[in-house]
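Visitor: Numbering-wise (numbering that gives the first Met the number 0), the sequence shown opens with residue 0 and increments by one.
Quick caveat, the hints were computed from the structure, so don't treat them as lab data. It is possible that part of the hints are untrue.
As the list claims (entries may be wrong) - Taking CB as the label site, the calculated pair distances span:
(1) Gly-146 to Trp-61: 15 to 23 Å
(2) Met-1 to Pro-153: 40 to 48 Å
(3) Ser-170 to Cys-2: 21 to 29 Å
(4) His-164 to Pro-45: 20 to 28 Å
(5) Gln-24 to Gly-146: 46 to 54 Å
Fair warning: this is a prediction, and the values are worked out from it, not measured in the lab. Here a beta-carbon is modelled for each residue, glycine too, at the ideal position from N, C-alpha and C.
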Amino acid sequence: MMCEALKIIALTVGLSCAYGIVHDQITARVCIEYFTIGHFSPTNIPWTPTVLGLFWGIVATWWVGLILGVPFALCARVGPWPKRTARELLRPLLLLLAITFACAMTGLVIARLMGFTAMPDMLPMVLNADQAARFSADLVAHNISYGVGLFGGPWLSAWVLRERHKASKASKVVL
Numbered sequence: 000m001m002c003e004a005l006k007i008i009a010l011t012v013g014l015s016c017a018y019g020i021v022h023d024q025i026t027a028r029v030c031i032e033y034f035t036i037g038h039f040s041p042t043n044i045p046w047t048p049t050v051l052g053l054f055w056g057i058v059a060t061w062w063v064g065l066i067l068g069v070p071f072a073l074c075a076r077v078g079p080w081p082k083r084t085a086r087e088l089l090r091p092l093l094l095l096l097a098i099t100f101a102c103a104m105t106g107l108v109i110a111r112l113m114g115f116t117a118m119p120d121m122l123p124m125v126l127n128a129d130q131a132a133r134f135s136a137d138l139v140a141h142n143i144s145y146g147v148g149l150f151g152g153p154w155l156s157a158w159v160l161r162e163r164h165k166a167s168k169a170s171k172v173v174l
């Protein structure tokens, strides 16, 4: 049981990091300053958009995958109901990530098209107007990603519990 639970946690962390890398490859190209000025950046790394997307894609999402993965694994494996494997949970996780990505990129595009600029106290003072608008669009995309994950992860865990409960009831039906 423990081995399969660890696989589910590893799957969730791995997919979260993959999501973060793809997401940050895009947002690093929208506004590199979001990462170089808006985040701590070790000075001995050549900060290209690709390197930033790889670095922050992992650093900013592994822990989200862990926080969501532990209860997800527990909901999938603990108790008397039929257990779910990491393989069975791959599609639901990918669906959640696809929905999260669609929401984040929609927010990014809308923020850019509308010329949205965040409140001045949310922006570094060194940005010009164009950088501030691009920084704001990245901020929107990242906040949407975390927000959808914050609600989607627990929803997915609850869904797994419900599916396990339904499967348990169905297996008890005698024909």
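Visitor: Hint by hint, say whether it matches the structure.
Guide: Okay, the hints, checked on the actual structure:
1. Gly-146 to Trp-61: 15 to 23 Å: With a Cβ separation near 18 Å, Gly-146 and Trp-61 satisfy 15 to 23 Å, so the hint holds.
2. Met-1 to Pro-153: 40 to 48 Å: Given a distance of about 23 Å, which is not inside 40 to 48 Å, the answer is violated.
3. Ser-170 to Cys-2: 21 to 29 Å: Holds, at about 24 Å.
4. His-164 to Pro-45: 20 to 28 Å: violated, 52 Å
5. Gln-24 to Gly-146: 46 to 54 Å: violated, 20 Å
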